[in-house]
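Each chain, written out:
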Amino acid sequence: MKLLRELMFPLIAVIAAFIVGGILILIIGDDPIVAYKLLIGSALSWPDGIGYTLFYATPLIFTGLAVLVAFRCGLLNIGAEGQLYVAAFATAWVGITFVHMSAWLLLPLCFLAAIIAGGAWGAIPGVLKARFGSHEVINTIMLNFIAVALVSYFTQYHYKTPGDPIMETTEIGGGAHIARMGKFLPGFPERIPLNLAFILALVCCVLVYLFLWRTKWGYELRATGSNPTAAEYGGISIRKQIIIAMTISGSLAGMVGINEVLGYRYRYYDGFSASYGFTGIAVALLGRNHPVGVLLSAILFGMLIRGGIFVDAFTNNVTKDLVDVLQGVVILFVAAEALFRGPFGRFGLLKRSKV
Amino acid sequence: MKLALWLIVSILLGLALFGSACNRTSYSADDKSKIHVGIVFDIGGKDDRSFNAAAFAGVKCAETGNWPDGTPCGKPALNIVLRDIEPGNPTSIEPAMRAFAERGYDLIIGVGFAQAPIMERVAKEYPNIHFAIVDGVSELPNVASLVFKEHEGSYLVGMLAAKKSKTGTIGFLGGMDIGLIHRFEGGYEEGARAVNPNIRVIQNYVGVTDSAWNNPGKGKELALAQIGKGADVIFTAAGNSGLGAFDAVEQAGTQNGAATHFVIGVDSNQNMVKPGFVLTSMVKRVDNAVYSIVEDVVKGQFQAGIHVYGLDKDGVGYAMDQNNQNLVTPEMIQQIEEAKKKIIGGEIKVTDKMIQ
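Chains as they are written, first to last, in this note's numbering: chain S, 1 to 355; chain A, 1 to 356.
Wrong hints could be hidden among the right ones.
[Claimed, not checked] Computed beta-carbon distance windows for the label pairs: (1) A:Asn256 <-> S:Phe132: 56 to 62 Å; (2) S:Ile33 <-> A:Glu337: 55 to 61 Å; (3) S:Ile146 <-> A:Asn256: 33 to 39 Å; (4) S:Gly187 <-> A:Lys313: 45 to 51 Å; (5) S:Gly187 <-> A:Gly104: 18 to 24 Å; (6) A:Ala225 <-> S:Thr161: 27 to 33 Å; (7) A:Glu120 <-> S:Phe132: 46 to 52 Å; (8) A:Pro68 <-> S:Leu202: 30 to 36 Å; (9) A:Gly228 <-> S:Asp31: 53 to 59 Å; (10) A:Asn89 <-> S:Thr161: 18 to 24 Å; (11) S:Phe278 <-> A:Arg200: 41 to 47 Å; (12) A:Ala225 <-> S:Gly22: 51 to 57 Å.
Hints listed in this document are in silico derivations from the structure and should not be mistaken for laboratory results.
No experiment lies behind these values; they were computed from the predicted model shown.
Just so you know, even glycine gets a beta-carbon here, dropped at the ideal spot from N, CA and C.
From just these sequences and the hints, can you work out the full model?
What follows is the structure, given as C-alpha cells:
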C-alpha cells in the first residue's frame, strides 16, 4: 500500500505531462492521438520497439541509481556524465590493450575497469567534500568537462585508427564483447543492441536496494543523508560516508560504459552519451529515489527516446523536441510536489528547520 | 487506497492494450505508389545554415520543386514522399535508419561521414533498399557515396584570396583537425601559390572533437590572431565556428568605407552574412548531389559506388552575387574561370590532401 501511494504521484505527473504535450501537438497542427499512437506503438512493438526501449533504458537505470545513492547520502551527483565518460574509455582501453586475451579474463577486467574508473572519478569530489568541504555540485560539474576533454585527447592522439575522420578508438578485442539478448531469446533478432548489461542493471537495482535498506552500511549512509548531525552524534563518520557514497555513485554511473562499449559499438566513440548522466537526475527524481522507481522511470524515458524518433519522422509537424517537452513537464510536476512533501522536502526545507 | 490501486492497474492495463493494438498499424496515409525517401541528418540538425541545411534544401527541392523557404529551386518536383529525422544523439542514428528501412523506403540518405559505419551495418541487412551517404564512403552494392572535390573549389577561392591580399599573408581556419578539412586547406594553399608563389598561409584548427564545429568564440579568437600576424583574407572551413571569423574581419574595420580584411565562407553561400566583408563562399552543392541521387532512384537509374562532385558537375564552386560583386573584379573572375576550365580539362591537377 505504501508503495502504491509512492507510485501514485509520479503517475499523475506523467499523465499530466501527456495531456500538456497533447495540447501542444494540437497547437502545432497535428493529431495528438496519432502522435501518441506512434510514440507508444513504436516504443512497445515486438521486438524492435521493446528491444530499443530497454536498450535506451539501461544507461538511465545506471545513472538513475548513481544519483539515487548519492542523494540518499544528501549529495547531489551532477557528475555522472563525466564518470561514465571516463569509465567508458577505461573499459575500451582494457579491451584494446589486451586484444588477444581470452574472454574469461578479459570480460571481468573490462567490467572492473569501468567500475573502478567511474568510482575513482566519483571519489574525487567525494574526497574534496569530505576533506575540504568544497561543494560536490560545483566539483562534479567541473569534473565533467575535464573528463570529456581528457578522454577526447587520448582518443584523438593515441587510440584512434589513423586516418579515421570519426573520433573513435580502434575496436576492442572480440573477447570483450558481451552477448546480445538475441543469443538467449528465440525470435529476438541479434541486430537489436539490447545486451546483458540490461540484466546487470536489474541486478544493480536489487543490490542497491539490499545495500541501502538491508545492511548496516546502507543504514549509516542514509542516516548521514537524512540528518548528518544526528548521524555523527550516533557515531557515524560523515566524511567516510560521503566518500563511500560518491564512490559507489561513480561506479554505478561507470557501468554505462559496459552497455555502450562492450555491448553496442565495441569501441569508445566521442559523444556516445546522450546526456545520460543528466537525464539520470530526472530519472531518480521521478523514481522517488527508490530502485524500483528508478527502474520504472528509466523504462519510461527509454520509451520516450525510442518513440521520439518515430514521432519526428512520421508526423508532419511534430519534431523530436516533443520528447524534451514531455520529460520537462514530468519533472516540473514531480518537482512541484516534491518541494512540499516527500524526500526533497525533507532534504531541502525540513532539514534547515531541524539544524 | 483501493481507489488508487484500481486507478494504477487500469492505467497500466490500458497502456499495455493500447501499445499492443497499434503494434502494426500503418503510420500515416503516405501514398504507397510514390517513391519514399527518408533522410537522417547529422547531429547538427537541418537548420545549421550550412551542410545539413544544404542537404535538406536538396530533398525539399526534389519533393516540392521549391527551396525550404518556398521560392522555386529551378528543378521539377519528383513526386516523392519525404520524411526526415534529426537524431540529436549518436545512439539514435541507427534506429532512425532502421525506422525507414523497416517501412520499406526506397532511398535512405545519411548526412555526414560519421554515419558511414552505421549505414553499412543497416544496408547489409536491407540489400533491396537504396542508400546514399553524403561525405562518407562505402563499398556496399546498394550504397551510393556522394563525395565532393572540395580541393578544387578551394583552389579557386585560394587564387581569389591571393589576388585580393595586399599584405601577402592569408589565413585558413579549419574546424576539426581531420583529413576532410586538410583537403580544403591543401587546395586553398595551392591555388594561392599559383597566383603568388611567395604568399604566406597561416593555418589554425579550432579543435579535435565534434565541438570544434560549434565554437564561434574560439573561431573569432583564432581569426583575430591571424589578422594580428598580417593575414587580410581568411578562408573558413569550420561549420558554425567559422562565423567567428566573420565577426573578426568586421572588427578589423573599414577604410574609406571599404573593408580592409575579408573572409571566405564555406559549404552554403554565406556572402550575405556580413555583406562587404565576405569575398566569396566556397560552395559545396550538397543540394545538387542529393537531388540527383533522388532523381536517379525515381528514374530507376540508381548506381552504387562513389559519385564524385567536382567543378565539372557543379558539385563545388564559388558564389558570386550582389553582396560581393564590388569586391571581386572582372579580371579576377576571368582568371579563375580560366583556371576552372584547366582543372576540368585536367591541365591543372589539384592535390587531394585527404588521400595522402
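Now the hints, each set against the structure:
1. A:Asn256 <-> S:Phe132: 56 to 62 Å: Hint holds: Cβ distance 60 Å, inside 56 to 62 Å.
2. S:Ile33 <-> A:Glu337: 55 to 61 Å: Holds: the Cβ-Cβ distance is about 58 Å, inside 55 to 61 Å.
3. S:Ile146 <-> A:Asn256: 33 to 39 Å: Violated, at about 49 Å.
4. S:Gly187 <-> A:Lys313: 45 to 51 Å: Because 48 Å falls inside the window, the suggested range holds.
5. S:Gly187 <-> A:Gly104: 18 to 24 Å: Holds, at about 21 Å.
6. A:Ala225 <-> S:Thr161: 27 to 33 Å: Because 32 Å falls inside the window, the suggested range holds.
7. A:Glu120 <-> S:Phe132: 46 to 52 Å: Taking Cβ atoms as reference, glutamate 120 of chain A and phenylalanine 132 of chain S lie about 50 Å apart, which means the hint holds.
8. A:Pro68 <-> S:Leu202: 30 to 36 Å: violated (46 Å)
9. A:Gly228 <-> S:Asp31: 53 to 59 Å: At 58 Å between Cβs, range holds.
10. A:Asn89 <-> S:Thr161: 18 to 24 Å: holds (23 Å)
11. S:Phe278 <-> A:Arg200: 41 to 47 Å: Cβ of phenylalanine 278 of chain S to Cβ of arginine 200 of chain A: about 46 Å, so the range 41 to 47 Å holds.
12. A:Ala225 <-> S:Gly22: 51 to 57 Å: Since the Cβ atoms of alanine 225 of chain A and glycine 22 of chain S sit about 52 Å apart, the hinted range of 51 to 57 Å holds.
Hint violations for this structure: numbers 3 and 8, all remaining hints satisfied.
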